[in-house]
Amino acid sequence: MTKPDLPQRWLQLPTISHYAMAVFAVAVASIAAELITRLLHAEPIALSMLCAVIFAAWFGGFGPALLAIALALLAFHYYLVPPINSFTWKHDLFAGDISEVPRLILFCITALIVGFVISTQRKATEALGRSGADLQAAIKNQKRIEAALLHSEMYLTEAQRLSRTGSFGWDVSSGEISWSDETFRIFECDRTTKPTLEFIVQRTHPEDRTAVQKTIDQASDGGKDFEHEYRLLMPDGSVKHIQALARAKRNAAGNIEFAGAVMDITVARETERKLRRSEAYLAEAQRLSHTGSWAWDVRLQTFVYRSPGVYHLFGFDSEKEPLSPQSFQERILPRDRDLVIEMARQAVREKKDFEVDFRIDLPDGPTRYVHSVGHPLVGIDGEVIELVGTHVDVTEQYAAKEALQKAFDEIKKSEDRLRLVIDTIPTLVWRATPEGIPDFLNQPSLDYTGISLDNAAVGWPRSFHPDDKKMMLQKWQRIRESGMPGELEARLRRQDGEYRWFLFRAEPLHDEAGDIVKWYGSATDIEDRKWTEVALRESEQRFRDYAETASDWLWETGPDHLITQMSENLNAAGIAPSRVPGVTRWDIASDVESEPEKWRLHRAMLDAHRPFRDFVYSTKSTSGTPVYVRTSGKPFFDARGNFLGYRGTGTDITAMIRADHAEQALRKAQAELAHVTRVTTLGELTASIAHEVNQPLAAAVANAEACLRWLDRDTPDLAAARRSVEWVINDSCRAGEVIRRVRALAKKSDIEKVPLDVNDVVGEAIALVQGELSGHRVSLRTELAPSLPMIHGDRVQLQQVIINLVMNGIEAMQPITDRPRELVIRSGQDERRGVLVSVTDSGVGISTENANQLFNAFFSTKSSGMGMGLSICRSIVEAHGGRLSASGNEGPGATFRFVLPLHQEEDAA
Amino acid sequence: MTEHPKSSREPANAREPIVFVIDDDASMRRALTNLFQSVSLKVEVFGSAPEMLHSKLPDVASCLVLDIRLPGLSGLDFQTELAKANIHIPIIFMTGHGDIPMTVRAMKGGAVDFLTKPFRDQDMLDAVVMAIERDRRRREVEKVVANLNTLFETLTAREREILALVASGLMNKQIAAELGLAEITVKIHRGHIMKKMEARSLADLVRKAETLGIHRAKP
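If you read the sequences in order, they're chains A and B.
Remember, our numbering sits 120 above the position in the first sequence when you count from 1.
Remember, our numbering sits 170 above the position in the second sequence when you count from 1.
Derived from the structure by calculation, the hints contain no laboratory data.
One should not assume that every hint holds.
What the hints assert, rightly or not - A few chain B residues that don't get close to chain A, going by computed Cβ distances all over 10 Å:
| id | residue |
| --- | --- |
| 1 | S197 |
| 2 | Q207 |
| 3 | R239 |
| 4 | P288 |
| 5 | M294 |
| 6 | R308 |
As the list claims (entries may be wrong) - As a list, the in silico SDA-like pairs of lysine to any residue whose alpha-carbon atoms are at most 25 Å apart:
| id | chain 1 | residue 1 | chain 2 | residue 2 |
| --- | --- | --- | --- | --- |
| 7 | A | K589 | A | P564 |
| 8 | A | K533 | A | T510 |
| 9 | B | K254 | A | I936 |
| 10 | B | K278 | A | P628 |
| 11 | B | K366 | B | I384 |
| 12 | A | K595 | A | K638 |
| 13 | A | K740 | A | E792 |
| 14 | A | K334 | A | G289 |
| 15 | B | K212 | B | A196 |
| 16 | B | K212 | A | E846 |
| 17 | A | K873 | A | E998 |
| 18 | B | K212 | A | V845 |
| 19 | A | K650 | A | E676 |
| 20 | A | K867 | A | T806 |
| 21 | A | K590 | A | V541 |
| 22 | B | K343 | B | N317 |
| 23 | A | K260 | A | G289 |
| 24 | A | K369 | A | G289 |
| 25 | B | K212 | A | D559 |
| 26 | B | K212 | A | L831 |
| 27 | B | K278 | A | H896 |
| 28 | B | K254 | A | T547 |
| 29 | B | K254 | A | A841 |
| 30 | A | K754 | A | E717 |
| 31 | B | K254 | A | G803 |
| 32 | A | K867 | A | D938 |
| 33 | B | K212 | A | P628 |
| 34 | A | K590 | A | E530 |
From a predicted model like this one, the values you see are computed outputs, not experimental measurements.
All C-beta atoms in this analysis are idealised placements derived from N, C-alpha and C, irrespective of residue type, glycine included.
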């Protein structure tokens, strides 16, 4: 094999190299010839040159051989130039010996022949080698084909098996049928079975037998290609779908032969059936869910698939002619159309899924809302070839959404309303976390405390009154621990710094698990209520105090007037409290028999359910001494007005009654004494009184005389006479009046208190002492306040007081000669609205050592006086509820004044 | 009352005597007024002494009926006051109950009478009439003196000097020597004096000078 390769290789070398090789060969031959000549002294030049030509011809072909010949001839010639056969320098290259020319020609011919032969030989050898290689390649190819065939057959069998496709051949004329292994397997019979048409028909499903028979008949008659599907009924009852197809061809004998394939398409059919069913399901599902699916071929710019749902959605009939994309587009609301197209384009451009909502305007119906989702399918070239997607009818969802939105709006509105309510109710509303940190305060809370909502967690607790804060935190802690609604009261600071009482109520909000999510609460201003409470408590205490201080004990009786309750302090009065309950008042009284009328009235009062006051009765103490009791009571009723009994107070007035008796005795003695002093005073006043009586008497006499003279005139003046007589009467009456007053003072009469004008009393007293004043050359000045309120008193006794004071004043001025003796009587109201009477003299005044005992009984600075005057005066004034006092004047003299309470006050007291 | 107050206001009756009454008791004042009017006497009443002093009193014969007991200034004190003031009105005292010292003091003070209330009307009227008469006489004397005084006022200082010397009984010559004048000058002066004093004679001039109480000033 190598041999044929060599020339091949050589041939492949460039032609120039062949020529170079020729030159080289000649060069080598020349060198070799030279060497041999020199060493062996032979003449091998021709031979070696011939060798060079052979070499060139063999390896280079005839061309190089010719070059080699030419070169060899030159080399030969060179050698033949003298000095012959030497390789030295030759002077004349053309100075050859003619004898050498034959040699050269000969050599040339020889070389040409050899060269020609050799090159021819070389070509033949090359051709031979080439054909051998071709043969070998052919053999190799044959072997490969055989192996491939073997494989192919194997593959075919395997493929048939895998694809459940069997092949068959059918010679119509001979009726011979040949099956492949897979065909046997499809028909489920072993290879020993002879396949016949009858067998095939028999295996065929009874329903398909007629069709199969018909196909077979037509095939055998017409010799045409056939393809049919039918079912096989297997011995085990299972059904197989098979598809058979065959090509008819004529064999060498001219008979029709069918070659075909039988495919078991049971799986495919089953799959198809399932697919069809699932498609139906899908369609149904799409119909029910108002969903349609579609596929858009980007390159064709058309929908390659639309599910019935899509048609339905767009209001088209899927059964009709396929519609152009335009007709679909037109159904999309113009406003949404561009958006949809743009979204689709964008999806294509960016190879992204897209979602878009658009509306469809159906000619006969309402607007539909469609939610479309698209997904681009990218081809192998990286470009989007299809968009597939679904349209979902979301009209109802939209409607629902809108309704929801509306509902939300409503909720929002109602929330706003609620918030409005929360923010406007005059109650502070708050919310706190389960840990008790406030996280919401309504506007009133914020307004009240002046804190901001952000600051609620810190600011709210700080707004509590420092005194309440600790208590509040403890209680709040307890409420939270209890997890139950609770309340507490504390003071909360208003933003202007004022603290007000609030009632805080907390209510927990639970989640489904029963854990507390939030605490909700309110705070109500109870400042006023608090004050009312305090006021009520105070008032309760006050009335208790009143009742307890105004009385000794408190009692309660039932509807039958039996005593039901009695306070403990009863025993202070010496009555055992244990004795009392369960009995009536008249059971324990000791004066029921002695004063039956009083008790009769009292019981009538009780039976009439009328309140009574200051009912006095006597009873006996445990020690047997009489006890006087004063009691007051008030009936009480239930809400419906039913009489339940009496409540009241009782007081032990035994001591009071005894004191009353003593006081009465004292008063009597005082009155006696006052009378005595009065009479004494009158004695002192005799001269003055005489004057007072004389004065009107003198006037009367004068008038009477005048009367007579008027009458005795030549012409009696009767008018003047009458007038005179009237004056006589007046003056006489006046004299009688003086005497009456004197008698009144002298008379021993009981005290008789009546409403009085103090100025009248003063005037009457002055009338009695007028003479005394003149006699002692004392001028009297009166400064009486007009229209004074009435007082309540005894006229005579008060006159006595004034007369006494005037007499004292006159007496005090007796030693005075260097200044006018003036006595001033004033009346007026004092600062406490009592009536004040003062008598001011300009006498000797009061010495300090006398001031203290001035009003004492039997104290007198006068040698003649009894010393009872001022003492009696004070008793009288004090018996009238007033007071008598004396003081030195700023100038000379002294002032005595007494104040009497007003008539009204007398009543009220 | 109707006619007499009227008459008191008439100019014809301006010279009628008046009875002044001071009593602090209104009824007493009324009664006395009534009484005096019943005998056609003109009356003016006062409640107190200062009241009277403050009123304008007519220059006629009058008397004062005064109560001893008066607030402030008493009747007796008022009598003293009047005397001090050189008012010489005759006074009749009244009193409710007089005593001896009081009466003595009153009479010493120049009282016309002292009546005790109640008094008889005749006693009062007699006393009043007497008092008025006394006052009238006194007033006449006073009138003459007043006239002389008026005349005396017209004399020059030298004439008064010479009158005093004439009244003391000096002769013209003596007077001239005394005063260092010529006798004739004195005579001329005396002539003027006689004329001015409306003296009819020397004796008349001397009497008038005596009435006026003119005496020679002691050297």
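Worksheet item: Given the proposed pairing of A/K369 with A/G289, does the C-alpha separation stay at or below 25 Å?
Response: holds (11 Å)
Problem - Given hint A/D559 paired with B/K212 - CA-CA distance at most 25 Å - result: violated (113 Å)
Review point. If you draw a straight line from the CA of A/K873 to the CA of A/E998, is it 25 Å or shorter?
Key: holds (14 Å)
Open item on the list: Check whether the Cα positions of A/K740 and A/E792 lie no farther apart than 25 Å.
Closed with: violated (36 Å)
Exercise for review: Quickly compare the C-alpha distance for A/K590 and A/E530 to 25 Å and report which way the hint goes.
Suggested key: violated (44 Å)
### Query
Is it true that the CA of A/K867 sits at most 25 Å from the CA of A/D938?
Violated. A/K867 to A/D938 sits at ~40 Å, over the 25 Å cutoff.
Query raised in the report: For the pair supplied as a hint, B/K212 and A/V845, is the alpha-carbon distance within the 25 Å limit?
Result: Within the cut-off at roughly 21 Å; holds.
For the pair supplied as a hint, B/K212 and A/L831, confirm whether the alpha-carbon distance does not exceed 25 Å. The hint holds at about 19 Å.
Practice problem: With a cut-off of 25 Å on the C-alpha distance, tell me whether B/K254 and A/T547 pass. | Solution: The given pair, whose Cα atoms are some 99 Å apart, is violated under the 25 Å limit.
B/K278 paired with A/H896 [C-alpha distance capped at 25 Å] | holds (22 Å)
> Taking 25 Å as the top limit, are the C-alpha atoms of A/K595 and A/K638 close enough?
Replying inline: holds (17 Å)
- Measure nothing beyond the straight line between the CA atoms of A/K650 and A/E676; if it is 25 Å or shorter, mark the hint as holding. violated (31 Å)
Of the numbered hints stated above, those contradicted by the structure are hints 1, 2, 3, 4, 5, 8, 10, 13, 19, 21, 22, 23, 25, 28, 29, 31, 32, 33 and 34, listed in ascending order.
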